[in-house]
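Undergrad: Okay, here's what each chain looks like letter by letter:
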Amino acid sequence: MINTLGIGILLLYVSVLIGFGIYGAKLNLKTSEDYFLAGRGLGSIAIFMALFASNITAFTIIGHAGFAYQAGYGAYGYVIGWSIFITPFTYYLVGYRSWLLGKRYGYATQPQVFGGIFNSKLVAMLFLILLLYYTLPYLVVSIIGGSLAFTTISDGAVPYWLSAVIIIVISLIYTIPAGMRGTVWTDIFQGTIFLVVAVMLLFAVAQALGGFSAITERILQDRPEMLQRALSPQLEPINWFSFSFINSIAVIVFPQMYTRILATRSSRNLKQVSIYYPLALAAIFGVSTLLGVWGSVAVPGLAGVDTDNIVPLLIHRFLSPAWMILGLVVILAVVKSSIDSQLLSVTHLVTVDLLPRLRRINPRQLVLWGRLLLVIFAAAAYYIALARPAAILSIAAFAFSGFSVILPVMIGALYWPRANKYGACAALVLPAVMLHLWYLGILPRWTTFGFMPVFPAFILAILTLVAVSYLTPAPPPEQREKTFGIFDKVFTGPVNEPGSGGQHKIS
Amino acid sequence: MSFRIRLALVGLIVMVMFILHNSFWLWEFDARIPLLFGFMPFAFSFYVGYTVLAVLAMRLIVNLAWPDPPADVIKLISDKEPSEL
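Residue numbers (the numbering used here), protein chains in the order written: chain Z, 192 to 698; chain B, 26 to 110.
Incorrect hints may have been included.
Here are some chain B residues pointing at chain Z (derived, C-beta under 8 Å) [said to hold, decoys possible]:
hint : residue
1    : L34
2    : D55
3    : T76
4    : D93
Going by beta-carbon spacing under 8 Å, a handful of chain B positions derived as facing chain Z [unchecked claim]:
hint : residue
5    : W50
6    : F64
7    : P66
8    : F69
9    : G74
10   : A79
11   : R84
12   : W91
13   : P94
Hints in this document: simulated from the structure, not taken from any laboratory.
Computed from a predicted structure; not experimentally measured.
For every residue, glycine included, the Cβ atom is placed at its ideal position computed from N, Cα and C.
Just chain B, same shape as in the assembly (with noise of 0.2 Å):
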């Protein structure tokens, strides 16, 4: 898979999580879906579901287009060795 396209479905993906930041719609459920553990409305777990799926996120977009420097070019770029903090 082509670097673009991977970047292309980070792009994807990150649309997906703005729109279900932005899912007015699911402001409808609010009031008709059952308290989680018994104190967390729908409003509240929906960011705990959130959580899970941001994480998950983060990971597929580190999978997908988060290289680590090659060999060559870390020996360019490192001209020293970092100290340990």
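With the rest of the complex left out, here is chain Z (with noise of 0.2 Å):
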């Protein structure tokens, strides 16, 4: 089945992960933003791919192809459509200012940067409390169904236990001795790998099935509501709409985006980045769609779960085994991107965030304790994936619209000199909790007005920390002064001054 040709392409594939990792040995990495964030020393491309690869995960290839299947070409729109512009514009919009405080104060999570604008451990701590909540889930989540979706495409041949070992161990071998540096130069690596073997997959299906415009006659012909976004019940206008608050905002506020952003050289890397991170975005959701789509035709007859093996099969029953092979090493560079992006910055959380209240512990110690702490959380995911508890898949579900929920206060932070500490507490808080009441069927759904839970809890997210932050003292002006104080410089202060670098301007 698996010929000499395939074995060899995974062989050399994993060969490389390791000597990552091999190098990254070599590498003297004393302090804690040396080792979690590249010493702030990422370039255009390392920025791009290591924020492309965390950006894509399992679904991009699995589910998303599967809800194609469903839905039609629709999909595209409804999953990825308001992605393609609002993510590159949230890396501007809440980014390039958290990029400047990272600068400024050394600042290296979340929990540190809003803590730190509101001069308020609470504040820092509820950032912390609630990334790790839908971090550890969703972390989970990737690794079940990356596992999953190896075992399906070795036929069986690698059981899922093994193929969750395999996964986490080979994140291992590279992250815990570069730190960030191993993720990114892996992104490099695997963001190249699957984009180029996704590109190759969807012309090699599309000649096995006839070619481009033959699939598409037969689309025409047997299933023509797949090409009308209205005849599609997945896709009704106002989930559509509700859709806009969970995946597209969402991902700035994942801890391993927003802390690649801080890991960011210089102002110009994160302007190229945000300018061309579109046509990545939508060239590998692109593919997605089509084999999706194409698979309705030339695999019927599938419903639900079963939809999310529709890439697998379509490899299995149209193309030869070295493909077989060369769809194991995409699900495991996609699946691995962003798992070891999450792993590591959980463990940065920790490290960073938490830790240090506990004991006190050097510069060097920081490096030690984060190493040991990514074993650590490595193994306990392992066991909670063999597991699968009911409760761990179900935060899961809703952890992208816990994320969203977050960035009101996170872009009131950056923008609003009046929002103050209570406002961010109870911001952070109350859309939480009625999110659980939403997704947990403590209330009806009626109180949504039909929207998905996620967009009255965004609302609700706003209008409280704009209610509190006035019914409760302002920010004393000294610590306004901190955060503006800064922006102002920046973006209203005199342009063109010598070394500026061009103001305005992208060159």
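Fit chain to chain and form the complex, with the hints in mind.
TA: Encoded structure:
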């Protein structure tokens, strides 16, 4: 089934990753900033691929293709349409101002940035708790999804538990020695692999099905409803609108994405990423959408969760065994690039925001603790992924919504000097509680006015921040100056100073 | 142009992009517009065009309202040289 060429490709791929680990072991990383933020030295290509590879999960290849199988071409706009613009826009809206504060004050995580802006340990702690609460189940679900896909595509040759071990162990090989540098090197390598192989896969499947036009003709004849968004029950306009508040705007709140922005070397690097990011996002989801829709006529009759297997099934039925290995490599690359960054960001949060509150630790020890915690979190995630407890899965189901409703506090903190710690705390807690009441069915569905719960929760976060901030004392002037003094100098200061590198222009 | 006006223009761009994404009245065209390159129906090709528009919109936003930090602020905020990756 799996030929020599295929095994060679797989061995080459794994060897490169192990090579990164061996090289990383020679690095002398002394501080947590070196280890967790790559010394804030990520250039344009590094940060582009780091953000892209972390952004793309098993859902892109597996879940999204399955959704396109059911909903048709409209799945493209529904899932990723708004993200194509708003995700890179949030790199500007939230990312750039956070990056400025990170450079100035040495902030390395969201609890540090927003705890610092509001001068509040409680705000920092709430950020820490909420980010861990949503990221950990999301990490476990990523491992579950990746392992299931790996097992499916290997036709059961690699059992589920072994798939999980392979995914986690390979991730740790380069992450433990090299920290963020290790994950970024592999992001560049793996991101390139899954973009290139995904496009190759698209052309190979198209050829096997008679060509692009022939498949589309077949869809026109057999499943014409796939071409019209208005005919898809999954694409109700109210859900389409609500979904704009889940998938797209949550990305900047993910700690693994936010931290990478703080690790960018310069403003110019971040600008270049923001401009060209839509192309990569549209390309990978475009491939996934087409494969899913084509699958609806090539492999008809799937329903429910079985539709998630459409890409492995297309490979199985229509392509040669060597493609199986390429498919495995893509699944591994997609899954691991998000899992390693999630693992590292969770460890980062605990190491720099929680551990120093519990015991005295010097910078050198922070790196050691970070490495130790990486192993502990990886082992814990593995055992939870094996047990698959229902509670974890249900939290992960609304983790994206949970991340989204944190965004109003982040924007308020960076743009509204009147926002205070009381407003921030209330706006972090209240929408999170409401989301739970809605998703766990404690509050009746009519209370969301027909929208997905995330939309009313998002509006509630804005209203709570504004109302509570106005009803409580304004932040002291020196506290506002600490944040907004910097922004005033950057955004409204004199232009074209020597060495500024060209104000308001990208070159 | 003051920064407030620039920021307002950025807000306008975001609103236009949001309205374009939620342009449900365009769904009427899904069945009427011919396939692009023989395989992309309007529901798909619309977002190919939207991607190009997103790149242009981001470029405009960068030019309008994303100044690099002035030299003195860079000195203030960067107390050490970043290491190369």
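Undergrad: Confirm or reject each hint.
TA: These are the hints, each one checked on the structure:
1. Using the Cβ-Cβ criterion of 8 Å, the hint placing L34(B) at the interface with chain Z is not satisfied: the shortest such distance is roughly 12 Å.
2. With its C-beta approaching chain Z no nearer than about 4 Å, D55(B) sits inside the 8 Å limit, and its interface hint holds.
3. Taking 8 Å as the C-beta cut-off, the interface hint given for T76(B) holds, the closest approach to chain Z being about 4 Å.
4. A cut of 8 Å between beta carbons decides the hint on D93(B): the least distance to chain Z is about 4 Å, and the hint holds.
5. A cut of 8 Å between beta carbons decides the hint on W50(B): the least distance to chain Z is about 10 Å, and the hint is violated.
6. Taking 8 Å as the C-beta contact cut-off toward chain Z, the hint placing F64(B) at the interface holds, the least distance being around 4 Å.
7. The beta carbon of P66(B) comes within 4 Å of a beta carbon in chain Z, closer than 8 Å, and the hint placing it at the interface holds.
8. Taking 8 Å as the C-beta contact cut-off toward chain Z, the hint placing F69(B) at the interface holds, the least distance being around 4 Å.
9. Given hint, G74(B) at the interface with chain Z, is violated; its Cβ is 10 Å from that chain's nearest Cβ, farther than 8 Å.
10. The beta carbon of A79(B) is positioned within 8 Å of a beta carbon in chain Z (closest approach about 4 Å), and the interface hint is therefore held.
11. The interface hint given for R84(B) is met, as the beta carbon of that residue sits about 5 Å from the closest beta carbon of chain Z, less than 8 Å.
12. With 8 Å as the threshold, the beta carbon of W91(B) comes within range of chain Z, its nearest partner Cβ sitting at about 6 Å, so the hint holds.
13. With a least beta-carbon distance of about 5 Å to chain Z, the hint placing P94(B) at the interface is held under the 8 Å criterion.
Going down the numbered hints, you'll see the structure goes against 1, 5 and 9, while the others check out.
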